[in-house]
Amino acid sequence: MSTKNYSTGTFQGGIHPSYDGKDLSKDSVVAVAPLYEKYEVALQQNIGKAPKLIVAVGDDVKKGQKIAEADGFVSVPLHSPTSGVVEAITQIPGPMGAPVNAVVIKSDMRDEWGELPEGLDWHNADAATLKQRIADAGIVGMGGAAFPSVVKLSPPPEKKITALVINGAECEPYLTADHRLMLESPERVLTGAAIMGKILGVENIYIGVELNKKDAIDMLLAHAEKYNIKIVGLKVQYPQGAEKQLIYAVTDRKVPAGGLPMDAGVVVQNTATCAAVADAVIEGKPLIDRVTTITGEAVKNPGNWRLKIGTPIREAIKLAGGTTDDVRKVILGGPMMGFAQKSLDVTIQKNSSGILIFPESKIAQYQSSPCIRCGRCLQGCPMKLNPALLGRLIENEKFELARDNHVMDCMECGSCAFICPAHRPLVQHMRRAKAEIRNMKK
Amino acid sequence: MSEETTQLILPKHEDLVVSSSPHIQVKDSVTAIMFKVILAMVPAMAAGIYFFGLNALWVILYCTIFCVGAEVLWCLLAKKDVWKNIRDCSALVTGILLALNLSAATPWWVCLIGAFLAIWLGKQIFGGIGYNPFNPALVARVGLLIALPGIMTTWVPTRQMVDDVRLAAADKQYCISSDFFTAEDNKNIIENKEIEALTCATPLGVISTAEKSSELCGSSQSFVKVDNVNAYKDYFFGNIGGCLGETSVLALLIGGLLLLIWKLINWRIPVFFVGTVFIITGAINYFYPGLTPTPIFHILTGGLMLGAFFMATDMVTSPMTNSGAIVFAIGCGVITSAIRIWGNYPEGVSFSILFMNALVPFIDKFCTRRVFGAVKAQKEAK
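Those sequence lines, one after another, are chains A and B.
Each residue of the first sequence is one higher than the one before, counting from 1 in the working numbering.
Each residue of the second sequence is one higher than the one before, counting from 1 in the working numbering.
Simulated from the structure, these hints should not be mistaken for laboratory data.
Beta carbons: idealized from backbone N, C-alpha and C, even for Gly.
Be careful, since some hints might not be right.
Some, not all, of what chain B presents toward chain A, calculated at C-beta under 7 Å [unchecked claim]:
hint	residue
1	L8
2	P22
3	V26
4	V30
5	A374
Take these sequences, add in the hints, and give me the full structure.
Dropping the structure here:
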């Protein structure tokens with residue numbers, strides 16, 4: 001074991017599943033998915049405004065060609081994942097249940113790149129050029145939030161940024177995509193982090209990695225010296241990768257309640273986002289694919305694959321050998337905060353970190369049984385709320401009281417519902433209350 | 001490939017469940033928690049049966065069966081789903097706790113009344129599990145104590161106490177146990193009367209009597225007979241009169257340790273409860289030794305361990321935050337000490353826990369935690 005030349009940290013609270021499911025896929029080398037005949041690329045894969053289409057049905061497109069341009073500051077362009085022709089502009093099932101606008105690309109099976117911008121020497125490029133390159137590549141937060149990365153890298157001048165924290169925690173059970181990325185392409189991750197550090201003008205760059213990924217920590221350490229990036233080992237606790245908790249664990253700074261990381265002088269980015277930034281700056285490649293973990297007890301060959309955006313999850317599941325015949329839930333994302341799916345025609349987006357296939361025995365069943373006031377939810381809540389009290393208030397529709405008890409600070413991480421021995425549907429209660437409170441404000 | 005004969009299976013649309021995250025949860029359940037609590041009470045139950053004989057087992061059985069029966073009856077009358085309400089096993093736990101709080105000589109009909117007091121008055125009228133403000137077993141015990149004080153203060157001696165007195169009498173020697181018997185009982189023992197006909201006092205009962213009969217405000221002389229190192233051995237192992245669950249401190253500590261290991265109770269409650277009693281009685285005993293016995297005597301007697309580990313720690317009726325639990329436990333300790341030192345009752349644990357139970361909503365409201373990242377609001381000048 002190499003000498004420990006990294007510091008460690010954690011936050012208060014959180015939960016720790018006794019079985020984290022990562023052994024199913026953590027040793028699977030990332031495999032590249034084969035080329036498919038059709039890619040149905042959702043138009044809006046970012047928080048903010050959807051990009052504006054600039055192609056029409058019948059247009060030929062090359063791989064990496066821009067097919068939609070950013071609409072305003074909080075928006076990102078969209079690029080074709082492969083070469084072919086625009087077959088249709090239609091609606092497909094979306095990951096949240098509602099249909100979404102999508103561009104259907106029929107592949108010519110040649111997968112040829114179009115013209116790409118020149119690679120930059122990032123050591124000598126200035127921040128504005130680098131930012132433009134990231135904006136042009138359509139990069140969003142790939143950890144799940146899908147927030148336009150260039151916006152995060154452009155904080156208002158009054159917010160002085162003094163630290164960049166890279167999220168390599170991958171605290172969600174079952175997911176191993178970031179783990180494999182750090183293990184197989186440490187240079188891309190570190191370069192991307194260094195580039196963003198240069199853009200922000202910070203000297204303190206940290207990568208937080210949970211201690212269940214010792215091999216990734218060692219791999220990063222082996223390469224990190226020339227980048228002046230500090231690796232921080234994080235206690236294996238969910239949600240270690242949640243922004244505010246991660247910042248506290250790595251830098252000891254507390255983001256004010258209701259505030260953003262920049263209020264604590266920090267910017268947080270995901271490891272996959274770093275790799276995408278490196279690809280965009282050094283090779284001129286836009287964001288058109290990502291590593292996704294396809295796993296779960298009901299899938300035959302769990303593993304990690306590099307999938308193009310627009311790949312239907314039906315095809316992705318076939319890649320993993322198909323399923324057993326007792327599948328009950330297909331989840332996009334992780335088991336704690338992911339979204340259950342009904343349609344296999346939903347397609348991979350820039351932030352689709354995992355596809356989980358669960359049999360009946362593994363899924364949570366919630367009941368409206370009484371709260372026994374055991375207090376475990378209080379111990380688990382990373383925001384130090386009182387989910388037991390909030391649950392009771394919301395059951396009785398006392399939404400103003402729920403707001404007074406800080407329900408709006410809830411990040412819906414699921415720790416409370418996970419740990420509740422009475423199996424109360426606490427996250428559903430929180431979501432309901434937040435919706436009601438937002439309606440009240442209107 | 002032509003060799004592929006196995007069909008690739010995909011999830012069927014109609015099988016897929018769409019529901020809110022989180023999609024995984026702990027394997028734990030309320031029933032599992034109750035089972036573990038029952039396991040933690042097994043040492044105390046075993047000690048009770050060992051020291052007091054089969055009568056103790058009958059009391060345990062009566063209380064458990066009547067408690068479950070009371071809950072079934074309530075559900076039938078209130079048209080609630082019987083199995084859903086029974087299956088969390090909380091009535092079983094209440095039954096055992098009630099039994100541990102009763103003397104081994106308790107008649108079956110007292111157990112019956114106690115069961116209904118515990119389940120109906122202590123829990124169901126408030127809405128069932130999770131909604132009761134008071135510890136149901138304590139509601140029953142205190143209710144019975146007030147309604148049937150004679151029966152509820154009739155204590156049975158352990159077989160060993162009786163044997164000790166017989167042996168000592170044969171050798172014409174003094175033995176500690178004889179201090180717990182009246183003169184008539186001592187005579188009965190020596191004449192080999194049935195153990196079921198015998199009664200004895202508890203250590204705190206002896207102290208209380210000594211205080212009342214002494215000229216001065218109690219005298220440390222009168223305490224020493226029951227408050228000495230030899231006596232502590234009996235109190236620790238359980239060779240003493242009292243409720244069938246409260247006498248063996250050893251059995252209770254084993255159970256308490258199990259509860260702590262299985263993370264079923266907040267350690268702050270027993271630590272601060274017992275600690276507060278120790279400190280207060282220790283201080284009073286140091287400055288006024290005639291007023292109350294030594295702190296070691298206090299923590300080994302009177303069901304303090306039973307109350308601190310099994311009753312005050314009841315999840316539903318104790319505060320949810322750690323700071324609240326400390327306030328709660330210290331309050332219990334203060335009231336227990338006050339009742340024991342200055343109050344009329346020899347025993348204060350049950351009353352103190354019930355009193356603090358009443359204050360729990362208040363404690364929960366004020367002992368809250370600061371939200372992560374909350375900034376202390378600046379007090380603006382009005």
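Hints and how they fare:
The interface hint given for B/L8 holds, since its Cβ lies 4 Å from the closest Cβ of chain A, which is under the 7 Å cut-off. Nearest Cβ of chain A to the Cβ of B/P22: about 3 Å, under the 7 Å cut. The hint holds. Of the supplied interface hints, the one on B/V26 holds, with its beta-carbon coming within about 6 Å of a beta-carbon of chain A, less than 7 Å. Against a cut-off of 7 Å between C-beta atoms, the interface hint on B/V30 holds, since the closest Cβ of chain A lies about 5 Å away.
For B/A374, the interface hint holds, since its Cβ comes within 7 Å of a Cβ in chain A; the closest pair sits about 4 Å apart.
Comparing the model with each earlier hint shows no violations; every hint is respected.
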